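Asker: All chains should be built: construct the whole structure from the sequences, respecting the hints.
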Amino acid sequence: AQSVAQPEDQVNVAEGNPLTVKCTYSVSGNPYLFWYVQYPNRGLQFLLKYITGDNLVKGSYGFEAEFNKSQTSFHLKKPSALVSDSALYFCAVRDGGYSSASKIIFGSGTRLSIRP
Amino acid sequence: DAGVIQSPRHEVTEMGQEVTLRCKPISGHDYLFWYRQTMMRGLELLIYFNNNVPIDDSGMPEDRFSAKMPNASFSTLKIQPSEPRDSAVYFCASRYRGQGANEKLFFGSGTQLSVL
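The listed protein sequences derive, respectively, from chains P and A.
For the first sequence, the numbering used here gives the first residue as 1, with consecutive numbering after it.
For the second sequence, the numbering used here gives the first residue as 1, with consecutive numbering after it.
It should be emphasised that the hints constitute simulated quantities derived from the structure, not laboratory data.
Where hints are given, some of them may not hold.
Once the Cα atoms are required to be at most 20 Å apart in a straight line, the calculated DMTMM-like pairs of lysine to aspartate or glutamate come out as [to be verified]:
| hint | chain 1 | residue 1 | chain 2 | residue 2 |
| --- | --- | --- | --- | --- |
| 1 | P | LYS103 | A | GLU14 |
| 2 | A | LYS104 | P | ASP54 |
| 3 | A | LYS104 | A | ASP30 |
| 4 | P | LYS103 | A | ASP56 |
| 5 | A | LYS68 | A | GLU44 |
| 6 | A | LYS78 | A | ASP63 |
| 7 | A | LYS78 | A | GLU11 |
| 8 | P | LYS103 | P | ASP54 |
| 9 | A | LYS104 | P | GLU15 |
| 10 | A | LYS104 | P | GLU66 |
| 11 | P | LYS77 | P | GLU66 |
| 12 | A | LYS78 | A | GLU14 |
| 13 | A | LYS68 | A | ASP30 |
| 14 | P | LYS77 | P | GLU64 |
| 15 | A | LYS68 | A | ASP56 |
| 16 | P | LYS49 | P | GLU64 |
| 17 | A | LYS104 | A | GLU83 |
| 18 | A | LYS68 | A | GLU18 |
| 19 | A | LYS78 | A | GLU18 |
| 20 | P | LYS22 | P | GLU66 |
| 21 | P | LYS103 | A | ASP30 |
| 22 | P | LYS103 | A | ASP57 |
| 23 | P | LYS69 | P | ASP95 |
| 24 | A | LYS104 | P | GLU64 |
Quick caveat, the model's predicted, so the values are computed rather than measured.
Answerer: This is the structure we're talking about:
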C-alpha cells in the first residue's frame, strides 16, 4: 500500500528567505508525486507533479520540487518566500505501477507561515 | 467550465439525522473522489469512482456512510445516521484519465459539516 509522510506540522520562514517543505513516500511501483496548496476556506489547488524525467520539477507560483529516489523524498522548495505563500501544503502520491490503482493518497499537510 | 461543484457549502444537523452531500464533477472527467478533512486525521480518501463505478471504498469509515454515482455528472455521499464525530470538511475531486501524464485533481470548495 502506498503512503506519504509530511514530518513537519508547521514551517516558519521570513519573507525573502528560501523555504523547504518536506515529504517522503512509499509505493510498490513507480511513484507519481504531487504537491497541492490549500488556502483558507478553499479546496486544494494543484501546484506541481513528478511522473518521470528530470528530478527537479517546476510548478506554479515559483515553486519547485526535487524527486530523490534513493531517499524516497519529494521536498517542495522556493528560493524566496512571499507572505502570500502562507497556506496549507499537501504532498500526495499515486502508485503508477498498476493501471487500475488510481488511488491518490495525501499527506497530513504542512502549514507554511511566512512572516514579513 | 465552472469547476467541481459541491452542495451545500455548509450543513448543520443534529445527531441521528440523515445527511446528503452532493457533487457535480467537471464535464468529461471520468474519475471522482470523495475526501474528508479533519484536524486530527488530515485529508482521508473515502471512496473513488471510475466511469460511475465504485472502485475502492476501503476508506469509508462505517456502514453509516454510503456513496453513489448514478451518472457521469452527479455523485452523492450519504451519512445515516450522522454522529458528532462525522463533523469535518468533505471534498469532492475529479480528474480525466485521458490527461495522461497530467494527472491533475480538481477539487470542489468542500462541504463543512457540523453534527451537533
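Asker: Confirm or reject each hint.
Answerer: Results for each hint:
| no. | hint | verdict |
| --- | --- | --- |
| 1 | LYS103/P / GLU14/A | violated, 32 Å |
| 2 | LYS104/A / ASP54/P | holds, 18 Å |
| 3 | LYS104/A / ASP30/A | holds, 13 Å |
| 4 | LYS103/P / ASP56/A | holds, 8 Å |
| 5 | LYS68/A / GLU44/A | holds, 18 Å |
| 6 | LYS78/A / ASP63/A | holds, 10 Å |
| 7 | LYS78/A / GLU11/A | holds, 13 Å |
| 8 | LYS103/P / ASP54/P | violated, 24 Å |
| 9 | LYS104/A / GLU15/P | violated, 29 Å |
| 10 | LYS104/A / GLU66/P | holds, 18 Å |
| 11 | LYS77/P / GLU66/P | holds, 8 Å |
| 12 | LYS78/A / GLU14/A | holds, 15 Å |
| 13 | LYS68/A / ASP30/A | holds, 14 Å |
| 14 | LYS77/P / GLU64/P | holds, 5 Å |
| 15 | LYS68/A / ASP56/A | holds, 12 Å |
| 16 | LYS49/P / GLU64/P | holds, 9 Å |
| 17 | LYS104/A / GLU83/A | violated, 33 Å |
| 18 | LYS68/A / GLU18/A | holds, 15 Å |
| 19 | LYS78/A / GLU18/A | holds, 7 Å |
| 20 | LYS22/P / GLU66/P | holds, 10 Å |
| 21 | LYS103/P / ASP30/A | holds, 14 Å |
| 22 | LYS103/P / ASP57/A | holds, 10 Å |
| 23 | LYS69/P / ASP95/P | holds, 14 Å |
| 24 | LYS104/A / GLU64/P | holds, 16 Å |
Violated hints, in rising order: 1, 8, 9, 17; the structure is consistent with all others.
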